[in-house]
Each structure stands twice: as C-alpha cells, then as structure tokens.
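There are 2 protein chains.
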Amino acid sequence: MSLPRIAVDAMGGDEGVRVMVEGAALARRRHDKFQFLLVGDRERIETALAHHPGLTGASEILHCDDVVGGDEKPTQALRRAKTTSMGLAVDAVKHGAAGAAVSAGNTGALMAMSKLALRTMPGIDRPALAALIPTLKDQDVVMLDLGANRECDARNLVQFAIMGAAYARIVHGYDAPRVRLLNIGTEETKGTEQLQDAASQLKAATGLALTFEGFVEADKINRGDCDVIVTDGFSGNIALKAIEGAARFVTDLLRNAFSSSFRSKVGFLVSRPATELLRHHLDPNNHNGAVFLGLNGVVVKSHGSASAKGVANAVEVAARLLEDDITNRIAQDLAELGEDRLRDSTRGEAAAK
Amino acid sequence: MSLPRIAVDAMGGDEGVRVMVEGAALARRRHDKFQFLLVGDRERIETALAHHPGLTGASEILHCDDVVGGDEKPTQALRRAKTTSMGLAVDAVKHGAAGAAVSAGNTGALMAMSKLALRTMPGIDRPALAALIPTLKDQDVVMLDLGANRECDARNLVQFAIMGAAYARIVHGYDAPRVRLLNIGTEETKGTEQLQDAASQLKAATGLALTFEGFVEADKINRGDCDVIVTDGFSGNIALKAIEGAARFVTDLLRNAFSSSFRSKVGFLVSRPATELLRHHLDPNNHNGAVFLGLNGVVVKSHGSASAKGVANAVEVAARLLEDDITNRIAQDLAELGEDRLRDSTRGEAAAK
Numbered sequence: 001m002s003l004p005r006i007a008v009d010a011m012g013g014d015e016g017v018r019v020m021v022e023g024a025a026l027a028r029r030r031h032d033k034f035q036f037l038l039v040g041d042r043e044r045i046e047t048a049l050a051h052h053p054g055l056t057g058a059s060e061i062l063h064c065d066d067v068v069g070g071d072e073k074p075t076q077a078l079r080r081a082k083t084t085s086m087g088l089a090v091d092a093v094k095h096g097a098a099g100a101a102v103s104a105g106n107t108g109a110l111m112a113m114s115k116l117a118l119r120t121m122p123g124i125d126r127p128a129l130a131a132l133i134p135t136l137k138d139q140d141v142v143m144l145d146l147g148a149n150r151e152c153d154a155r156n157l158v159q160f161a162i163m164g165a166a167y168a169r170i171v172h173g174y175d176a177p178r179v180r181l182l183n184i185g186t187e188e189t190k191g192t193e194q195l196q197d198a199a200s201q202l203k204a205a206t207g208l209a210l211t212f213e214g215f216v217e218a219d220k221i222n223r224g225d226c227d228v229i230v231t232d233g234f235s236g237n238i239a240l241k242a243i244e245g246a247a248r249f250v251t252d253l254l255r256n257a258f259s260s261s262f263r264s265k266v267g268f269l270v271s272r273p274a275t276e277l278l279r280h281h282l283d284p285n286n287h288n289g290a291v292f293l294g295l296n297g298v299v300v301k302s303h304g305s306a307s308a309k310g311v312a313n314a315v316e317v318a319a320r321l322l323e324d325d326i327t328n329r330i331a332q333d334l335a336e337l338g339e340d341r342l343r344d345s346t347r348g349e350a351a352a353k
Numbered sequence: 001m002s003l004p005r006i007a008v009d010a011m012g013g014d015e016g017v018r019v020m021v022e023g024a025a026l027a028r029r030r031h032d033k034f035q036f037l038l039v040g041d042r043e044r045i046e047t048a049l050a051h052h053p054g055l056t057g058a059s060e061i062l063h064c065d066d067v068v069g070g071d072e073k074p075t076q077a078l079r080r081a082k083t084t085s086m087g088l089a090v091d092a093v094k095h096g097a098a099g100a101a102v103s104a105g106n107t108g109a110l111m112a113m114s115k116l117a118l119r120t121m122p123g124i125d126r127p128a129l130a131a132l133i134p135t136l137k138d139q140d141v142v143m144l145d146l147g148a149n150r151e152c153d154a155r156n157l158v159q160f161a162i163m164g165a166a167y168a169r170i171v172h173g174y175d176a177p178r179v180r181l182l183n184i185g186t187e188e189t190k191g192t193e194q195l196q197d198a199a200s201q202l203k204a205a206t207g208l209a210l211t212f213e214g215f216v217e218a219d220k221i222n223r224g225d226c227d228v229i230v231t232d233g234f235s236g237n238i239a240l241k242a243i244e245g246a247a248r249f250v251t252d253l254l255r256n257a258f259s260s261s262f263r264s265k266v267g268f269l270v271s272r273p274a275t276e277l278l279r280h281h282l283d284p285n286n287h288n289g290a291v292f293l294g295l296n297g298v299v300v301k302s303h304g305s306a307s308a309k310g311v312a313n314a315v316e317v318a319a320r321l322l323e324d325d326i327t328n329r330i331a332q333d334l335a336e337l338g339e340d341r342l343r344d345s346t347r348g349e350a351a352a353k
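Protein chains in written order, with the UniProt record's numbering: chain A, 1 to 353; chain B, 1 to 353.
This is chain A alone, in the form it adopts within the complex (with noise of 0.2 angstroms):
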C-alpha cells in the first residue's frame, strides 16, 4: 500500500529549512515509501534540497513566503492559517493534498490552526497533546494532555484515555494498553472531583480495548509500569517540565562533578557507555513527536530544538499514526463507549439492584 505523503512545515523550529528538510531526508532513507510535501520558501528549500538527492525526487515544494512567529499569540497567528507555512501543511491535510503534516513551530499556533482547519473528531470535545516520555523499561509511556487544555472535565479525561490507548496500541502493538490516571495518591479517595468522577467511569467502562489500572503518582512517570497516562493540560505540563529539569539536575550535577578533580576526569572516560546510555534514554531527540489526538486529521509536533534526528522521528510518528490509521481506532472506541452508555441506560434499575 503507498502511504499519503507527509506535508512538512519547513521554516518552523529554531533551525528551521535546512533541519527540517535533513529530517525528512534522514526519514525517507529509512523508509523508501515515504513521499513529501515541503511547505516554506522554495529558494532555501531548494537549497537545503541540493544536500539530499533522495528526498528531491521524492518531495514537492508548495512555496509560501509568511511563517508563523515561536512568541506570536495563537489568534493573531490564526488570522494567517492560509499563508503561513504551518498554516498550509495543515491545509494540505484538510484538502487530501498530503495525509499528515509535522511541524516544530510554536506549539499554541498549530493546535489552534489545526482544530480550525481539521476540526475535532465526532465524539470527542476536545483534542489532547500526547507524547512518548522514556521509562526504564524497553518502551516508552504516552501521556497526554500535554498542554492542551489547562482544565478538563471527567467527560475530556475518560476521553484523552481512549485516544491515549489507541496511541499506544499503534506504538506498543498491544491490545488492551493499561491505562492510568495521574493523581496526587493511589487511593480512591484521593484526587479532584473530575479525577474521581473519571475513575469511576473507566472502571465501569466495558469493551474498551484498554485495560484502566487505577491512580498513578507523578515519581512512577518513568517506571514503564502502565502504557498510557492521562492528566489534564496543566499538571501534565508540570509534570513532563519537571521530568526534564530534573533530570538535566541530575546530568549537571555529575558533570560538575565530573570535571571537578582528575580521578573523576578518569572515572569519566573509563565510564562512557554509562554516559552514552544516558544520553540515549534522555535525548529529546529519541521520543520526539509529540501528537495532536483527537482531530480529523493526523498532525505530529516536533521539537523547536529538535535536531534532523529528532525531525526523522517526528516523520516516522506520523507516518505511522497514518497507517494503522489512528482516528479510526479512536472512532471504534468511542462507539464502544457509546454502546457502554446505551446499555446502562436501557439495563435501568434492574441493574441497580
């Protein structure tokens, strides 16, 4: 089967052309399938092109001269969806001109442009930001919402889980992704409202294809022992920038030390595949692709400082969302929800007794 091309913001990020293009060629290396829509300035597409023969037969530019500012303010930025360039790659997805876009522009713009142009998906109120974050396990876990949404409703958590699992049933491969719900303590008593409304929902939940294991506290993010967490915008963003600080803490701190004296300048050395590990498990480059759930449309947000490598990745999230056809099975779901509802209701009182 051929894949729809990948439409590629290709003036977002704080490296801008010549990244993104190194990216999709890094990406269309690995995967000889993949076809692209290169969305910016032709001249300096063109001639970050000429560094990657295999991309260009590969790639068609669509030419554009306005892009979207990293501080510009989601509305003022919307005003130009239809001649910025992130603006267009969304365009591309909404006209069948491409089957996802990728963009490492300013984060609030693409959300806001994408849900204008995509729109959210039946059944859903409102999209949810999910990414990889590393676990001392083989895999990574999804979580979301990542920043999406600053305060949510039960009704949008039970939600951000069906998207959630769905996300990792396509990364994970399994068939009922455990699921849990990001909380200040396990018990059930703990949590706001809407987390213990939540919780009870997805407990009572039947034919999700998903397995919802209860309450996470945020120092088990990084164990692996779930697949999915669901959170609301705010303290999921909390949570991942505290992730990243401490874990820079850490890393700085044994660089400190490190450089402080001889002997550890030897331990250092002597200690490389210790550091290189380490380096591997925390590059932002390696979980890169952090991805819209819940829209008409699949859009994968890369990193503004994501190198090719992370920008590879990012295309291979997307492409991958595209093929196992993420909105679908998010769909199916939702009906199962649906038919959940339907059933209690038509059960009635001869259920409660």
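Read the hints as simulated data drawn from the structure, not as lab findings. Hints are supplied without guarantee of correctness; some may be wrong.
For identical chains, the list gives no copy identity; a pair is met inside one copy or between any two copies.
Claimed, not checked - The calculated lysine to aspartate or glutamate pairs, modelled on EDC-like cross-linking and capped at a C-alpha distance of 20 angstroms, are:
1. K203 to D153
2. K190 to D71
3. K82 to E15
4. K115 to E72
5. K73 to E187
6. K190 to D219
7. K73 to E217
8. K190 to E151
9. K73 to E188
Based on the hints, put chain B in the right spot on chain A.
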C-alpha cells in the same frame, strides 16, 4: 536565650522509636541547648534512650499507647487526637509544654491534628506544606504548597507567597527573597485565572519583604534562580514527585549501565567523588523537614523513611523556625498587605487615571 523544647512523636515513621530517638540525639550533639519531649511508649523510648546518655538528661518522656497508622484516614485519626503520640506531640505545642512538634507519621493526619489544635493564624485562610528542594546553586529553594490544599484561589497563593518568603528569610538570610509562581509558561497570559490574579496582586503589593519575579516553569525548579516557588497543593505535589521520580530514574539508568560492563565498573570506582556528590544532593535526608506554615505554632513533618540524620535535620528546622519566630514574621507581612489594600482603597479613583 534558652530555646523552648521540641516535642517529638517518637512512634511515627517507618522505623519508629529507634530512628526518632537517634535523630533527636544527633541533633542534640550538634546543639547542646536542645531539649526534648519524647512522646510515645515509655518502655520503648527508654530502651532507645539507653544508647544515648547525652539525650536522656535533656529529655522528658510523655507516655501513651496509641499510634496513628500510616494508612489511616485523617478524619479517623482526628478522633484519637488526645490519645495518640502524634496528637499529644501537637497538643504539647498548643499548651506550651513544647515550642514545636516533629513527627514522621501520616502527613494528612498530622495536618488535620495541627489545624485542629493550633488553628490557622489570623489573616491566613489555609496553612500550607513547605519543603526545601535541592538546586544546582549552594542553596535549596523553598516550595509550597506540596499537597495540603488540592485547589487554591489567588488569595491562598498570595498568602503562600508571604509564608514561603518568611521561611526563606529564615533559611537563607535574605531580606527580600525572590518569589515566583509555578505555571505552564512565563508569559503574563499563561495559566489559570487564579495564577494570573495572584500574580497581579503580588506585583501590585508594596512593603512586602519579598521580591516577586513572575512565573516559573517546572523545568527550572532545580535551577536555584529563585528562593521561593509558590503553587497549589495538587501541582506542587505532582512537581515534587515528578522530580523525585526523574532523579531516581536517571540514577537507576546510571547504575544499570555501570553494572553492565567491567569497564564501567572500574569507571564507577574511579568516579566515586561524583556519585558521592550526587548522593549528597539527592539524598532526601539532607533536605528533610517539611513545614506546616500558617499555624499558631511550629509543626515539622519528617519523611516517613528518613534516617536518624534526616530526623536530626527536621529537628533543626523546627528549632530554627522557633528561634526566628516564623509565626510573627508572617504576621508582620500580612499586616503590610493589609495596609497596602487600605492605601489602595483610599487612593481610589485618583490612582486609576
């Protein structure tokens, strides 16, 4: 000046009497003015004291049979406030038999008992749990609330800022500690209404013994670029635990890598100073002693799994807050805030143009 004695709940914590008494003995060896009221099973306390003759002369024992369980619900524990070692330790502060209380027991129960016995101080709506978080700089950062209040309004957050600053002035010795609000971005428009509201109140306030510097994101908590980080209890708990978990994640990765090859094992031995430094910075015993701020009295929570060194730290924190009269410092700043509001309202329309 002689210091009022410190009531120690000798029964709380994972290890119970032995560690609590050893901790008190360690603190006493460091500060010979310390006096203790040891609350709990007399026989077991006397057995533990036998190993610490220096402490025996400086201690009185208050016997009781009952202990608050680690998993007990606060509401349930509250009913036994007059019979448990935790309840009696707090009660000793209320009745002046001690100046401060230290317990390593159930946090929720300790908070509930402290609130009931000592009452919230005038001008404070809700007490908060504050702790010292390690940073890359020489000094820890004060962070609050860490879980006492699940949801907070702007007024709560402003009061937390004042309480945290008072604590930081005592711990760090600064006149006007740098205070920031934890948020998911640093722009003024980011975050919840409560956060934006609290920020504008803190910005507008004059005469407070603190410097308000806006928002901080969770990845900067361990940087040490500010002295106090203010947050609601839910986000604070998420951030704190995410940091703990990530630090453990990184050190576990390192340990795995170091033990995977002979070359790495050698590296580990040679780089001992680095790992020692890491241990020193990350060991919770070096940062032990979470403080309930905003009560008419000093109560310090020692970590349930703290070592004797950790308990000694918690005792020292209690003594320091007592000596420097934290309650009075908070009251002074609250009075300033009140005068501020008075000035604002008398200036009225004139100031608005």
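### Task
State the violated hints by number, sorted upward, taking the hints as numbered earlier in the document.
Those not satisfied come down to hint 3.
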